[in-house]
Every structure is written in C-alpha cells, then in structure tokens.
Amino acid sequence: MPYKTIFTAMTSFASNKAALEQAASLAEVHDAHLEVMCLGIDRSRSNYYEVGANAVIMQAAIEEAYTKAEVVKDDVSSWLESSKLRWNASNAVATLADVGRPLARGARFADLCVVALPYRDESCAEDTMILETMLFDAACPTVVVPDAAVQARPESVVIGWNESAEALRAVRAAMPILAAATEVHIAIIDPPEHAADRSDPGGALAVMLSRHGVHCDIQVMSRGGAKISERLQRHVTETNSQMLVMGGYGHSRFREAVLGGATREMLEHSKVPVFMAH
Numbered sequence: 001m002p003y004k005t006i007f008t009a010m011t012s013f014a015s016n017k018a019a020l021e022q023a024a025s026l027a028e029v030h031d032a033h034l035e036v037m038c039l040g041i042d043r044s045r046s047n048y049y050e051v052g053a054n055a056v057i058m059q060a061a062i063e064e065a066y067t068k069a070e071v072v073k074d075d076v077s078s079w080l081e082s083s084k085l086r087w088n089a090s091n092a093v094a095t096l097a098d099v100g101r102p103l104a105r106g107a108r109f110a111d112l113c114v115v116a117l118p119y120r121d122e123s124c125a126e127d128t129m130i131l132e133t134m135l136f137d138a139a140c141p142t143v144v145v146p147d148a149a150v151q152a153r154p155e156s157v158v159i160g161w162n163e164s165a166e167a168l169r170a171v172r173a174a175m176p177i178l179a180a181a182t183e184v185h186i187a188i189i190d191p192p193e194h195a196a197d198r199s200d201p202g203g204a205l206a207v208m209l210s211r212h213g214v215h216c217d218i219q220v221m222s223r224g225g226a227k228i229s230e231r232l233q234r235h236v237t238e239t240n241s242q243m244l245v246m247g248g249y250g251h252s253r254f255r256e257a258v259l260g261g262a263t264r265e266m267l268e269h270s271k272v273p274v275f276m277a278h
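Following the numbering used here, the numbering of the sequence shown begins with 1 at its first residue and continues without gaps.
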C-alpha cells in the first residue's frame, strides 16, 4: 500500500527538525499529504499546590502550553510554506499523563508516522511517549529518525529478521521503501536450531519479497558475544545501508525500559533511520 498520509508530531521545532525534514522528504517522494501536530505540554501538578490555588495554576499552565504549541506551529509553517507539498499543521495541548490521546487521534488514519530518535542529548522528555503512542495506540508503522542526513529513498536497506509478528508487520509496511531500494539485506542473528525454517532461514521472507519485485540477499550471522542491536548496527555499517527495518518492542515496554532490549538499545544508538512496526 502506498503512503498517502504521513504524520509527525513535535513539542520543539529545534529538537525535532530532523524528523520534520525526513517526513517532508518522504511526503515528496511518495506524493503524500504531510500532517504535523505541534504539541504544548501542560506540566503542572495540581496536587502539589495549596487548596484554592489549583484553578489559577492550571489555567496559567494551559495558557503557557497553548502559547508554546503556537510557537512551534508558526516555526513549522514558516519552514514548510515555501515547499510544494500538500501539508497542514495543527496544535494541541495535553498533560504529561495524557500525551497519547491527541497523538493517537491525529495519527490514527496516517499510513506512516515519522518521529525523532529518543534518548538523544537533544531529545525532549516526551519523545519516547510520542514514539510509543504511534506504535501502540495509533497502530501505525513509524520511521524513527536520528540527527543525520535525510533518507527519503534509501538505496540499501537492512531487515532485522527474527521470525516475529512485529518484524513481519514492519516488512509489509515498509514494502514501498523496499521495492524502491537497490539492495535489501535480510539479517538473521543466531536463528533457533529447531525453528520451522532451520534448513532455510529467511527463505520464505525472501520469496515473499521477490514477488513484490524486491531483490534481496540473506545473511545468517552470529552475535559473537555482542548485543543483537550492536550486531545489527555493525551489519548496517558493513553494507553501507541507509535504513533499518525491524519489529518494535517484541518484549513488553516495561521489560525493555527496565532491563533493556534490542528495540531500546537500537533507539539509543542508531545512526540511520529505523523503520518499526509493532
């Protein structure tokens, strides 16, 4: 399915500009409409204040959040107004506990979301919540963008394949990008010895891709004592690839947040855009 609506959201223009540039480039390449949501965050804590002060504090916090959202919207509009894209920018205000509600509503009918890579020095506190809302609440495939060169039409793409439902959803959702790529590399790290496809790991996926006109190769490799995320990143570098496609949060978000996992570690260190689905 082609991408005809691309959605991105931000609480700060400066720290999310790379994601906006990536979203705009993807919209141009795929002839899609670009939707940008500018969020103002109400950071007040009503239970911390004296009785009777809550109404005043909350009203002031809401007004401040709305003003910040308007500033971001103005910056986005100024940046996009000279482009030839079809686009619109909207603003919304939410508390920290309710960030997901307006985001899920805004991204619900998008074909693809684009967000900034969390866990950067320049990241906002809400970046992780924005990403998780896109993947879980809006159920939308998402491109997570580091502060690097825009890759709207990557020539070489690595698929991190582990037979999971999440990885398969990511591959299906990324098909327009994979079909346009010159090289697609299926990376399989330490496949289970007793898996159903142990005699031909990744073979069924390669057949599916070939029927879409995607020419790919399969690389079965060992972790060699490294983390899965480190081995994937090394393979991305070795193949000079510009994008990684993988399933997101195969374990629970709580487990990944506390104990770590391939998703969390990839989001901490990736140097190329990561296309994810859950």
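Honestly, the hints are just simulated from the structure, not real lab data. One should not assume that every hint holds.
Restraint ranges, calculated between C-beta atoms of paired labels, are given here [unchecked claim]: (1) M1 <-> E238: 28 to 34 Å; (2) M1 <-> R101: 25 to 31 Å; (3) G224 <-> W79: 42 to 48 Å.
Because the structure is a prediction, the values reported are computed rather than measured. In this text, a Cβ means the ideal position worked out from N, Cα and C, and glycines have one as well.
Flag every earlier hint the structure violates by its number, smallest first. none
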